[in-house]
Structures are given as structure tokens and as C-alpha cells.
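Residue 1219 in this note's numbering is what sits at position 97 of the sequence shown, and the numbering runs on without skipping anything.
Treat the hints with caution; some may be incorrect.
[To be verified] Only pairs whose alpha carbons sit at most 25 Å apart, straight line, appear in this in silico SDA-like list of lysine to any residue: (1) K1207 with L1249; (2) K1194 with E1164; (3) K1194 with E1220; (4) K1247 with K1207.
No lab work stands behind these hints: they were computed from the structure.
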Amino acid sequence: MCLLDTVERWDETSILCTTASHRDATNPLRRDNRLEAICGLEYAAQAMAVHVGLLDQGKGRRLTVGYLGAVKNLMLQAIRLDDVKGDLTVQATRLVGEVNCFIYAFRASVGREEFLDGRASIFLKYLDHQS
1123 MCLLDTVERW DETSILCTTA SHRDATNPLR RDNRLEAICG LEYAAQAMAV
1173 HVGLLDQGKG RRLTVGYLGA VKNLMLQAIR LDDVKGDLTV QATRLVGEVN
1223 CFIYAFRASV GREEFLDGRA SIFLKYLDHQ S
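Using the sequences and the hints, build the whole thing.
Structure below.
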């Protein structure tokens, strides 16, 4: 399941993605014709995963699995995402990073209106590293 449409830009510490999938009636996270705002966490997790993948390009590592370890300071500024007009912007900024563990700050917004923000730790397992 890929929820993000476009990587607008990225660098060593951050990524900015956009998507319209929050308005898609066939979005796999929808329940009872609604997309709850908490689902924005999956959007943020996907942005983090894409960022790690881009950073890993050319390093010869093969990621087997990634885990969302903890979420802190989660703030939801909406109840639903499916009724949000405009494309969703998802930003993730790496605060701490090791080979197998990262902490990111994330946020989801449309224009200046923020819907979700917080921090998350992710843990990765590679075929060529112990984790």
C-alpha cells in the first residue's frame, strides 16, 4: 500500500512528500467511508521509509523489514482527513540516525493548516547487519 504520490524534495535530513490519496474513496485505510486523522501516522511512516530508502541508495544494503517503534508528542488537529480540501503535504525530518534506528519529527498539512505532528522512532532490519 503506497499512500504518497510524489517526493517533492529530500536531502540528508528531511523529505517532503505530497498526496491526494486521503480523498480517494478506495483508500485502504478508510473505514465506514471515513479516513480518520490518526491514519496520518501511516502517511508519516511511509515518508520516513521512503527517506531511509533514498539514503540507502547505492550502499548495497537490503532492508528486510522496518518497524514503527514509538510515537511521541502526537498532536491531531482534525478528526478526519478525507474531507480535507487540497493535497496533503507530509514532511519528515530525521533528528537522530544510526544504521538500524532513527528518530523523526513529522507533520502533515495542507498549506498552512497543520493536521498532524509528532515524533516517531523506527527500527530497521537489514540482511547484512545484526539488529
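Hints, one by one, checked against the model:
no.: 1; hint: K1207 with L1249; verdict: violated, 42 Å
no.: 2; hint: K1194 with E1164; verdict: holds, 14 Å
no.: 3; hint: K1194 with E1220; verdict: holds, 19 Å
no.: 4; hint: K1247 with K1207; verdict: violated, 37 Å
Violated hints for the displayed structure, listed by number in ascending order: 1, 4.
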